[in-house]
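There are 2 protein chains.
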Amino acid sequence: MTDYPGFNFEVLAVDAGSRARLGRLQTPHGSLLTPAFIFCATKGAIKAAGPHDLKAANADIILGNTYHLMIQPGAERIERLGGLHAFTGWDGPMLTDSGGFQIFSLGQGTDADEIKGSRHEKRTPLLTKLSEEGATFRSPRDGAYHTLTPESSIQIQRQLGADMVVVLDECTPFNVDRDYTARSLEMTHRWADRSLAAFDRLHDGKQALYGVVQGGIYEDLRREGAEFLNSRPFFGHAVGGCLGAHKDQMYDIVDYATRPLAPAKPKPIHLLGIGGINDIWEGVALGIDTFDCVTPTRIARHGWALARTADNHRHNLRNARFAEDSDPLDPECGCPACSGFTRAYVHHLLKAGEIFGIQLLTMHNMAFMTRLMATIRSALLADRFDDAKKVWFA
Amino acid sequence: MTDYPGFNFEVLAVDAGSRARLGRLQTPHGSLLTPAFIFCATKGAIKAAGPHDLKAANADIILGNTYHLMIQPGAERIERLGGLHAFTGWDGPMLTDSGGFQIFSLGQGTDADEIKGSRHEKRTPLLTKLSEEGATFRSPRDGAYHTLTPESSIQIQRQLGADMVVVLDECTPFNVDRDYTARSLEMTHRWADRSLAAFDRLHDGKQALYGVVQGGIYEDLRREGAEFLNSRPFFGHAVGGCLGAHKDQMYDIVDYATRPLAPAKPKPIHLLGIGGINDIWEGVALGIDTFDCVTPTRIARHGWALARTADNHRHNLRNARFAEDSDPLDPECGCPACSGFTRAYVHHLLKAGEIFGIQLLTMHNMAFMTRLMATIRSALLADRFDDAKKVWFA
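Sequence lines, in order, name chains A and B. Plus 28 on top of the position in the first sequence (first one is 1) and you've got the working numbering. Plus 28 on top of the position in the second sequence (first one is 1) and you've got the working numbering.
Simulated from the structure, these hints should not be mistaken for lab results. Check each hint, because a few of them may be wrong.
The list makes no distinction among identical chains, and a pair is therefore deemed to hold if it is satisfied within one copy or across any two copies.
Capping the alpha-carbon separation at 30 Å, the derived lysine-lysine pairs in DSS-like fashion look like this [as the list claims (entries may be wrong)]:
(1) K379 - K157
(2) K83 - K379
(3) K234 - K157
(4) K379 - K418
(5) K379 - K417
(6) K417 - K83
(7) K83 - K418
(8) K83 - K234
(9) K293 - K379
(10) K417 - K275
Take these sequences, add in the hints, and give me the full structure.
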């Protein structure tokens with residue numbers, strides 16, 4: 029029977045009007061309060077920020093992507109170099125995903141998110157063969173074929189050595205029918221059991237395994253997926269796969285997936301790859317404990333600063349109206365970027381093509397996300413979640 | 029009579045076997061010990077590093093380039109935003125150059141150093157007209173014509189507000205003859221007097237003016253240039269212009285220029301745009317107090333780490349031999365990059381195109397330069413300059 033000696037999750041407070049909850053997640057690399065945002069160190073580094081910057085932004089936890097790291101520099105190499113914590117210099121909690129999402133969603137040489145949303149451009153897919161055994165794909169790096177199986181994904185994640193690891197699942201795209209999704213869900217469950225067995229074989233007591241609720245856009249399949257997870261000894265649960273075509277449908281699907289997740293002892297629930305500002309407020313209300321998303325750091329590289337009071341929660345610092353604006357990026361923020369530099373300076377750096385502008389925006393956007401999560405946690409502690417949401421969007 | 033109330037330069041120790049000297053340079057934004065290296069924040073930022081990183085690397089002083097800043101974002105704008113210190117967040121000593129070097133050396137849209145060395149590719153020059161009045165050039169940003177005169181360069185540098193500012197001079201290229209150089213030197217001296225007059229008119233007691241020794245590759249003209257400076261109330265002296273075709277000639281020319289610089293009270297001597305490792309040891313021995321050069325931060329962006337023990341003082345971290353090397357970039361260094369990360373990690377980041385790899389190399393290369401300068405200063409204090417040089421190159 030799988031156990032997780034260095035891990036614990038406890039719920040400290042529950043919202044009266046929703047499934048939102050304040051929790052504490054304990055890992056061998058430290059504890060964090062939830063709801064929390066997980067920053068994406070896709071290839072083993074936050075783009076334009078290091079561990080020091082993460083700490084300055086009050087970040088608690090990061091993730092590495094198994095797909096990217098297995099291709100470059102390779103899991104064996106990272107293991108020989110002491111694992112992902114030692115390799116990256118991040119000594120706090122860390123999660124890796126299974127690698128499945130990228131294989132099922134990426135086209136050769138591009139970075140898309142077809143599964144999550146509505147992009148349907150034709151591309152040569154990475155995936156070349158899908159069978160009961162696993163998923164074969166062709167590396168865009170060198171053209172080599174790799175097969176990811178439930179067992180090899182666990183093995184690779186063992187080599188990477190993150191605290192939390194995730195089972196391999198089939199991520200069904202948006203446009204498949206119910207029958208395909210139902211058959212896929214059954215295979216995903218067989219894969220989950222193979223993952224649990226592999227995890228037990230390799231387990232050294234330093235990692236915790238998350239199962240994933242699949243089931244596409246179908247309420248009954250999502251319930252089936254959640255009930256399957258309830259019956260298995262995962263440390264945590266994640267919601268993955270197709271979340272519909274628009275935001276309202278996404279919240280419905282997250283609701284279908286999380287509502288039946290009711291293990292005897294509460295388990296942390298992670299929403300894979302989602303982390304828009306609205307999504308976080310909605311997801312927390314549906315019981316989500318952790319989120320991850322590349323958006324805060326990705327939009328920084330395109331010149332955007334997150335701000336509560338801005339349109340769509342973001343300012344484009346390349347806009348000429350900031351050329352002589354001596355306010356900080358976000359007057360509500362006290363991060364190192366906001367306390368030392370003006371919008372005018374960041375505007376200049378972006379126009380001049382200076383890397384330091386991206387560093388400042390990355391720092392601020394990370395601090396913005398951790399401040400949002402702290403706001404939500406404080407509200408849950410004070411039993412004021414709904415009020416806090418109104419204040420946030422006021 | 030020009031005076032410099034917030035400034036002072038004193039020589040604390042002199043080497044017995046050369047003109048090397050340990051000094052203290054006091055500015056309104058703090059003091060520094062010399063010999064010192066000035067890091068290039070060309071457009072108002074060190075590429076891939078901020079003030080926090082400069083401090084972590086023990087950097088004392090930075091420079092901004094008048095040419096780049098007058099074109100983007102403009103000196104008036106920087107003045108309205110509180111000057112270059114407030115704009116960039118760097119609160120330590122700062123120097124700006126006159127803008128002349130770029131106008132005389134850059135081609136349209138490129139970044140060359142023809143004057144310093146032997147590059148002779150044909151390019152459309154920035155300079156469109158040179159007269160007694162000043163130098164007219166066409167901005168590569170928007171095609172607009174600008175005329176830089178001794179007076180406007182001082183005016184712009186007043187608006188930028190650095191501690192130390194430099195007179196406009198004609199930078200003669202490598203391939204001009206003695207007659208041209210002699211006539212140019214005379215104009216440069218008339219420009220120097222116009223600069224002093226303009227400086228006096230605009231002086232607020234917060235800046236100090238440097239004159240520049242010109243005279244090309246000709247010993248007598250360099251002596252004439254230095255003697256001219258001795259007769260004028262500059263706070264400091266700089267060596268600029270053509271320094272020959274190869275290193276040995278450069279050291280001869282620096283010798284010609286610095287040997288006659290013998291004011292009654294010692295003045296700091298800056299070597300404009302030069303800062304190779306060998307150049308620094310040689311330059312210090314010839315009496316140079318400060319150096320600036322883009323090389324340490326530029327080569328970082330191309331994957332190079334400075335190291336005393338490496339060939340040519342640098343490692344190419346993209347080289348496959350570092351793929352599993354768990355040493356720090358430079359085992360002799362204790363900078364944040366070297367104390368937290370391995371060569372293998374930096375190698376991976378470079379191969380993966382991660383900005384953070386450039387940040388780590390920039391941090392290390394800055395720390396390497398400040399450590400070199402501290403080594404030299406310690407040796408001068410202990411009267412062991414020659415021994416220290418032998419140890420360094422052992």
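These are the hints, each one checked on the structure:
1. K379 - K157: Classified as between; 28 Å across copies, 45 Å inside a copy.
2. K83 - K379: both (28 Å within a copy, 26 Å between copies)
3. K234 - K157: Neither, since 33 Å and 71 Å both go past 30 Å.
4. K379 - K418: Neither way: K379 and K418 sit 36 Å apart in one copy and 46 Å across, limit 30 Å.
5. K379 - K417: Answer is neither: 35 Å inside a copy and 43 Å across each miss the 30 Å cutoff.
6. K417 - K83: Answer is within; shortest intra-copy Cα gap is 26 Å, inter-copy 40 Å.
7. K83 - K418: within (29 Å within a copy, 42 Å between copies)
8. K83 - K234: For K83 and K234, the Cα distance is within 30 Å only inside one copy (23 Å; across copies 38 Å).
9. K293 - K379: neither (53 Å within a copy, 44 Å between copies)
10. K417 - K275: Close inside one copy (18 Å), not across copies (66 Å); limit 30 Å.
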